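Whenever a hint applies, use it, and build me the whole structure from the sequences.
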Amino acid sequence: MAGGGGSAESGEPEFQVAPMIDVLLVILVFFMMITSAQVLKVDQTIKLPVAKHGEKKPEDVSEGYINVAWIGGKKVVKFEDSKNPIKPEDLIPILRARVAKDKKYRVVIRASREMPAGQVSELMDICGQAGLSDVSFAAINRD
Amino acid sequence: MKLPVDDSTNLGFQIAPMIDVVFVIMLFFMVMAGAVKTERELLTTLPGTAESSTGDLPDEQIISISESGEVLLNDEPIDSPTSSDLPQLVGALSRLKQSSDNAHSTMLVTIASDENAKYSRAVDVLDACAAAHVSNVTFTVSEVE
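Chains A and B, in that order, give the protein sequences.
Each residue of the first sequence is one higher than the one before, starting from 0 at the first, in numbering that gives the first Met the number 0.
Each residue of the second sequence is one higher than the one before, starting from 0 at the first, in numbering that gives the first Met the number 0.
Read the hints as simulated data drawn from the structure, not as lab findings.
All of these numbers come straight from a predicted model, not from anything done at the bench.
Warning: the hint list may mix true and false statements.
Residues from chain B that keep clear of chain A, each with C-beta distances beyond 12 Å, as calculated [unchecked claim]: (1) Thr43; (2) Pro76; (3) His103; (4) Ile110.
Not everything, but these chain A residues come out facing chain B in the computed CB check (under 7 Å) [as the list claims (entries may be wrong)]: (5) Val98; (6) Arg112; (7) Asn140.
Okay, derived cross-link-like pairs now, PhoX-like style, lysine-lysine, Cα gap no bigger than 20 Å in a straight line [stated by the list, open to error]: (8) B:Lys117 x A:Lys74; (9) A:Lys46 x A:Lys74; (10) B:Lys96 x A:Lys46; (11) A:Lys46 x B:Lys117; (12) A:Lys56 x B:Lys36; (13) A:Lys51 x B:Lys117.
Cβ atoms here follow ideal geometry from the backbone N, Cα and C, with glycine treated the same way.
Pasting the structure below:
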C-alpha cells in the first residue's frame with residue numbers, strides 16, 4: 000500500500016493515485032463477488048414462483064437443472080445452460096447416465112409460475128423414468 | 000514531458016469527498032441487501048418413493064388443489080383461493096406434525112393438484128408445507144375425468 004501523501008517541502012498533502020486505485024480495486028472485487036453469488040442465473044423467460052420458506056441451495060451436491068418456460072401456451076424445456084430446447088423424452092437417457100455416475104444425483108425443476116401443474120408433473124414422470132427420486136422445485140424468496 | 004505546475008491549484012487529498020463516496024456505497028449496499036432475490040428450493044420426493052423411517056405405516060395427509068385454486072386438506076376446504084400465504088393450512092399442518100411427532104410416526108403429505116391448476120398454486124402449498132416443517136412431501140397431479 001502507498002504511504003500517506005504530502006511533500007516534505009510544502010507540508011501540503013497531495014492527491015495520491017495509488018491508494019485511490021487500491022480502494023477502487025477492493026470495491027471492484029467486492030462487487031464481482033456479490034454479483035456472482037447473488038444474481039439469479041435463470042433464463043429471463045422463466046418467471047419463477049415465490050416461496051418464502053424454501054431452503055437454500057445445497058453447496059456440495061451433484062444436481063442438474065431443467066428450465067421450463069411457458070411461451071404462447073406451450074412449454075419450452077431446456078437442460079442446464081443449453082440454449083437449445085430439448086424434447087422432454089430426450090432427457091431420460093441424459094439423466095439416467097448422470098444417475099449411473101452418482102446415485103445421489105438430484106434434479107431441480109425451474110418452471111414458470113403461469114404453467115399448469117400437469118405440465119410440471121410430466122417432467123416429474125420423466126425424472127421418475129430416469130431413476131431419480133430426489134426432485135426439487137426452484138422458487139424465489141420475493142417477488 | 001513535464002507539465003507546468005500551477006502553484007495556486009490545490010491538488011491535495013480531500014478526505015471529506017472520499018468519506019462521502021464510501022457512505023453512498025455503504026448506503027447502496029444496505030438498501031440493496033434487503034431487496035436481493037435469491038433462488039430457493041422446495042424439496043419433494045416422487046410419488047411412490049417416500050418411505051417411513053420407523054417402518055410403521057406413515058400418517059398420510061392429502062392436500063387437493065382444484066382448478067380454481069381452492070385448497071382442500073383431507074377433503075375439507077381451507078383458506079381462501081386467493082390467499083397465497085395459506086395461514087390456516089400452515090397452522091393445521093403444524094398441529095398434525097406435532098401430533099405425529101408425539102405418536103412417533105412419520106407424517107407424509109401428498110399434494111394432489113388438478114392438472115389445469117396453476118403451478119404457482121402448487122408452490123404456495125409446497126411453501127406452506129415448508130413453513131410447517133413437513134419434510135415428506137409428494138406432489139402428484141390428478142387427471143381430469
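Practice task
Taking the numbered hints from earlier one at a time, note which ones the structure violates and give those numbers from smallest to largest.
Solution key: 1, 4, 5 and 10
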